[in-house]
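Put the complex together from the two separate chains, hints included.
The chain contents come next:
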Amino acid sequence: MSRIEVLKTYKIYIGGEFPRTESGRYYTPLDSKGKALANICLSSRKDVRNAVVAARKAFGPWSERSAFNRGQILYRIAEILEGRQAQFVDELMRQGSSKGAATNEVNLSIDRIVYYAGWCDKYNQVVSSVNPVSSSHFNFSSLEPMGVVGVVAEQSTSLIGLVSLILPAICGGNSTVVLASEKLPLCAVTFSEVVHSSDVPAGVINILTGYPEEMAVTLASHMDVNALITSNLETKLSNKLSLLSVDNLKRKFDYEVNWVEKDKQALHYISDLQEIKTTWHPIENVGGASSSY
Amino acid sequence: MITFQLINMKKELNDNWDYSSSLEAINHIQLKKKYNLFIDGKWIAPSKNTYFKTINPANEETLAEIASASKEDVDLAVKAARKAYTNVWSKMPASERAKYIYRIARLMQERAREFAVIESLESGKTIRESRDVDIPLACNHFFYYAGWADKLDYAFPNRKIESLGVAGQIIPWNFPLLMAAWKIAPALAAGNTVVLKPAETTSLTALKLAEIIEESGLPPGVVNIVTGFGETGAAIVNHPDINKIAFTGSTAVGKIIQKALVGTSKKVTLELGGKSANIIFEDAPIDQAVEGIVNGIFFNQGHVCCAGSRLYVQEGIAEKIIKKLKQRMESLYVGDPLDKNTDIGAINSKEQLQTIEKYLKIGLDEGAEMYQPKCTIPKKGFYCAPTLFLNVAQSSIIAQEEIFGPVLTIQTFRTVDEVVQKANNSPFGLAAGVWTDKGSRIFNLTSKLRAGVIWANCYNKFDPTSPFGGYKESGFGREGGLHGLSAYLKLS
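These protein sequence lines map, in sequence, to chains A and B. Its first residue numbered 1, the first sequence is counted upward by one per residue in my numbering. Its first residue numbered 1001, the second sequence is counted upward by one per residue in my numbering.
No lab work stands behind these hints, which were simulated from the structure alone. Keep in mind that this is a model prediction, so the values were computed, not measured. Think of the CB as a built atom: it goes at the ideal place given N, C-alpha and C, for glycine as much as any other residue. Certain hints may be false.
Said to hold, decoys possible - Just a few of them, taken from the derived set where beta-carbon distance is under 10 Å, the chain A residues facing chain B:
| hint | residue |
| --- | --- |
| 1 | N104 |
| 2 | L108 |
| 3 | I110 |
| 4 | V114 |
| 5 | D121 |
| 6 | K122 |
| 7 | V127 |
| 8 | V133 |
| 9 | S135 |
| 10 | N139 |
| 11 | S141 |
| 12 | G147 |
| 13 | S238 |
| 14 | S242 |
| 15 | T278 |
Excised from the complex, chain B in its bound form (with noise of 0.2 Å):
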């Protein structure tokens, strides 16, 4: 009763307090209205003319013009990347390489609150997030692998090491700026030259960085970034000077990239989708299990290859979990993402916000339970309030298929067993998350569950010295630390 009156008392307060809003300053960053590709330590244009627009996600406004790198394009940067391969970067000494990684890297963080709001205005993710964990994270993975350029031999004993030569990478949009210093950083520190094509809607944050480069005064060619579609993107696959390709999206791209590849000597990363598993014992701590879970499943607005978006409590906890991650949901704050006060930004665009909202019909189709809280969403712009679904099926399409959104499908279980079976019934394996005091019951779980990230009472945490990547259908090989390191080395 106590506890009712409780929440009638916060559901007044939040009908009649709302937070004032506290947006953060954007007129310090430097946009231009647009982009050329960055070739050979030059900006220029599109052989075609092409650019396309990209936009706030927030309020569908235009923040620049890109430009649209066809074949040709593709072609000139892969030579750049080449002749500085053989003519500079892989003659250098590897602790010079080393002082220009470092450089690049005390150059992103000199400018990191610029670099922040850039991608939150193009990406749709919160200020806090991108200001808190985007950023600084891709700082310190340049910073990270700097320092292996000249250790590799401790890396890999007994092997002879050389690199690859011209690396060609394609980075989603869900973390922008991570991703590409997922992709360069190790690249670089291995001795390899790069191509990188950043996502269509997010090209801004991966431009700034070319801008950094440029800055750095790596030598040219050595990181050329060209910007545009998947067209763009089949050209880096499919052209016959590169070495290497490293790719992070969707499984079905991945496995065209993959067929794409076969019969020829390029070495190959994915990093693809995931549907992990977020297992809540009945001796977890309770509460944070609660902030695990909504950490899990709507941070970055569910944007997340390895989002906790299946959760399985078990049963004589989940009437209780149930009700406190309601309770909980009903205090995010979905909105502006450059407003401080945002829990859950703006939806990365209009396509996947129709994905998104596709799914939430299949799961009422399927007579799942859905269940939103009650939030303000801003007229403008692609947004979608956290959604949970209850009475779900393990065979549920909403269950079994990566939504890509603040989406989470809840079952409950009863034994160990029980959970690792479900939890495992996946054609993915990314990522899991365990919640309970019993470290015996962590170590069990932790061998059971077949995912390459096992985050046992936390989630979504992620470190430039950890290993990262899935098995099976979620794509092979690592990035971070010294495993990520192999992706882009000859080892023999």
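The shape of chain A in the complex, shown without the other chains (with noise of 0.2 Å):
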């Protein structure tokens, strides 16, 4: 007799754990041949905020270890991703992926994680500056991070599109909220218990599934959101979330980009979810001593 398979329930991700939905609804995608791919949550209003609460919780910690760390940890997540490859492609051939662009898209998804490890502890250094001011003091100034980043995944791919939004924010020391794919979400899911093997403290990551237009209408009206970022949205939803946007100023980025190309990973990715502070301190001119002599 064959054995039984074990099926996996499909969970949320929020604050380090995995509940289903509060609000206990589901929906069920269907793969290419029409066949349901699980019972997958159908996150709430409420889910959303909790998981920003978990977010804003994270950020602080977050963002102040050491960028070499945050890269160590990064580059962990790369690691387990590439442990548990086969079955990144057997959920993306399920949901109607060749065993080929399969193959493909995880690859590249562990090579674009890799490469936003690496930036961690250098993008800082290429766009900060010294600015020679005229009057006596030292003036530098350097990126931070904005803070509790909205992310609303790219809907027409299941990882990669994912990845590269998710990689340049936590890169930079900020907490994300990610909305997954809709049609498309068993990669998320399955990202997101990479990412809690792989020492991303808890709440920096949160991945919640669902409808994104329900979700994402109450993350970009939420105050305690820094900034939105999605990814070839539809226009009408994209002006939307943009608008309800403005009530806290929220930082919005829309990415019309197509992830699969190899060259879709850059520093601005990542500089576009930072801050510039710029500080001043006097220096002090007594005496005559010059460093001529």
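In structure tokens, the structure reads:
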């Protein structure tokens, strides 16, 4: 008798835990053959708000980690994902990808994580400046993470679009609340399991499944979310989110990018989610001593 | 006891020995009775032939009549800017663009004193400030950005760099010429053309700048100045052929603009309001800190978006700081902006004075304790005595909302964590001040305070090379420095 496979219950990921949605609701996305993929959590507004609270709590400690340490943790995500590559390929194929495309997407995702892991302790050096002001002050500008970043993942991919938006955000010390692709949610949930076993502190990445429109509206109007990034979103919804974002002047970016292209990774995806802080301090200027003797 | 006697003596001296006035000469300035719009290198009468009066807030006398630009006039300006962009400015070698901007800087320097006087006459700011801060900084801003024009590749390595096209720029009345410089200089250096609207109470120095631009030989249409009220600004924001909106002003208007731009491809930067914390630790250099508090809140009558309007003093030193601050305030001279003795000039407009007075009443109603020094205030014109509020709660309206006047709230704190929480507990995040002798504490605070500019052991310092701009509801984008260029470029 053949062995009975143990099926996975797909959950959401909030504050380092795997609850089902508080609403008890579910939806059933279909695979390319019209067969049910799984009973996926149909997360509610309350789940979004809980995730924002978790992300806010995680933001301070995460942004205060050393850049080198963040780099190691991001690299660890790549390591764990590499080890579970087959599972992601399998899920992508269940969601309609060919084997070649699935393998390519997973490999590219792993490489992209390594790419951003390397940026953690470098971007600030590249973008910061010491400013030669005319008065007797030492003045420098450097980057600081914006805070809690809402991420509406690309709808047409399951893994690479998700990774391409989350990684630059957390690389720069932000925490995230991520809304997975509605129709292709499997990899997002499994990615949260990878994140969970990669030393990423609880709350830095929170991943919810459900209807993006319903959840994104809550995210865009939430007064404790500092930035909102979306990708290849339909114009009507994108504009609606932009309008809601104005209430607390969320920084909003909508990337129209084909993430499966190899070079769609860059410094500016990190720096878009950074504030520039300028610090002034007087320089003592007494006596006649100069450095020229 | 000795201090007490000294204060009494000083008071007597002050009572009996007033300053002799030291008025700046105004006979050398050139002002027309009536100003038209500067469009396509020409001075054009407004299409609806409407003008409004601009007054001197120090004595309410009319200075000139200013054209009010209609939607049609704005359209004309945008068309001129587009034509200049397409035919001339975007085709010109960057090094030549730079030379025009340098020329503007030099011409401004040559006429700096005239500009300072006109700025003080119309805005109410003291001549010492316009002469020593506003005008030199405005000139330097042009000089600084001129040099960037042919070096943009070094600013953004690995990016494809393009200018945006026509920039629509709307500026406030608190630093009229300086804000015009902050907007126009980087826009031109990056290769864009400009339609700029000054605030209705302070159009003159922008119009004088237009004269300089004309004199510099800058190709017609590269810079257009349209004067008017909110409707003129709205016409700029909503014009379909503008590629970039840059706005400095209130958070409320900034949000209206941002909403109006949803669904368009216009790039936007917003420099908005603030309620910045100025934090004094027990080990701070006391006298310098007191000067810093005064400079932080009373500079430019408190009409400063980054004004240090929330003072946090560590408990052990609070009594001493408040006492010294009150003493210092006794010697502040409120009066004619053109008098070189004056520390606090005129409030920019009657409306703004009413707003400030509304907040003074709110503060009293909330139960805060108000303190104003004994100072004589001119009978004519709009003036407000420097004001402190003690016994203020974190939740008080006067500690939460931007007043934009010479009004300071004072609260105390015990620990670093407490003051970080209090300082960050605001929807704004423009600036903050920290006063302490301890270096490690400065770096702790400068990284924990959620604000775009941190002044450590100083306050209200500005420089063309130094990026300025806020976190949270204080807006987005930076002005000044290398980082200020990106607001006027398409980077891909």
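Going down the list of hints, with the structure as the test:
1. At its closest, the beta carbon of N104/A sits 25 Å from a beta carbon of chain B; the interface hint therefore is violated under the 10 Å criterion.
2. A cut of 10 Å between beta carbons decides the hint on L108/A: the least distance to chain B is about 20 Å, and the hint is violated.
3. Hint on I110/A is violated. Least Cβ distance to chain B is approximately 23 Å, over the 10 Å limit.
4. The closest approach between the C-beta of V114/A and any C-beta of chain B is roughly 19 Å, which is over the 10 Å cut-off, so the hint fails.
5. Taking 10 Å as the C-beta contact cut-off toward chain B, the hint placing D121/A at the interface is violated, the least distance being around 16 Å.
6. With its C-beta approaching chain B no nearer than about 13 Å, K122/A sits outside the 10 Å limit, and its interface hint is violated.
7. A hinted interface residue such as V127/A counts as satisfied when its beta carbon comes closer than 10 Å to some beta carbon of chain B; here the least separation is about 8 Å, so the hint holds.
8. A least Cβ separation of about 4 Å between V133/A and chain B falls short of the 10 Å threshold, and the interface hint therefore holds.
9. At a threshold of 10 Å, the smallest CB-CB gap from S135/A to chain B is about 6 Å, leaving the interface hint in force.
10. For the restraint placing N139/A at the interface with chain B, the shortest Cβ-Cβ distance is roughly 5 Å, inside the 10 Å limit, so the hint holds.
11. The restraint placing S141/A at the interface with chain B holds, with a minimum CB-CB distance near 5 Å, inside the 10 Å limit.
12. This hint holds: G147/A has a C-beta 8 Å from the nearest C-beta of chain B, less than the 10 Å allowed.
13. Among the interface hints, the one on S238/A holds; its C-beta lies about 9 Å from the nearest C-beta in chain B, closer than the 10 Å criterion.
14. Hint status for S242/A: holds, given a least beta-carbon distance of 4 Å to chain B, under 10 Å.
15. With a least beta-carbon distance of about 5 Å to chain B, the hint placing T278/A at the interface is held under the 10 Å criterion.
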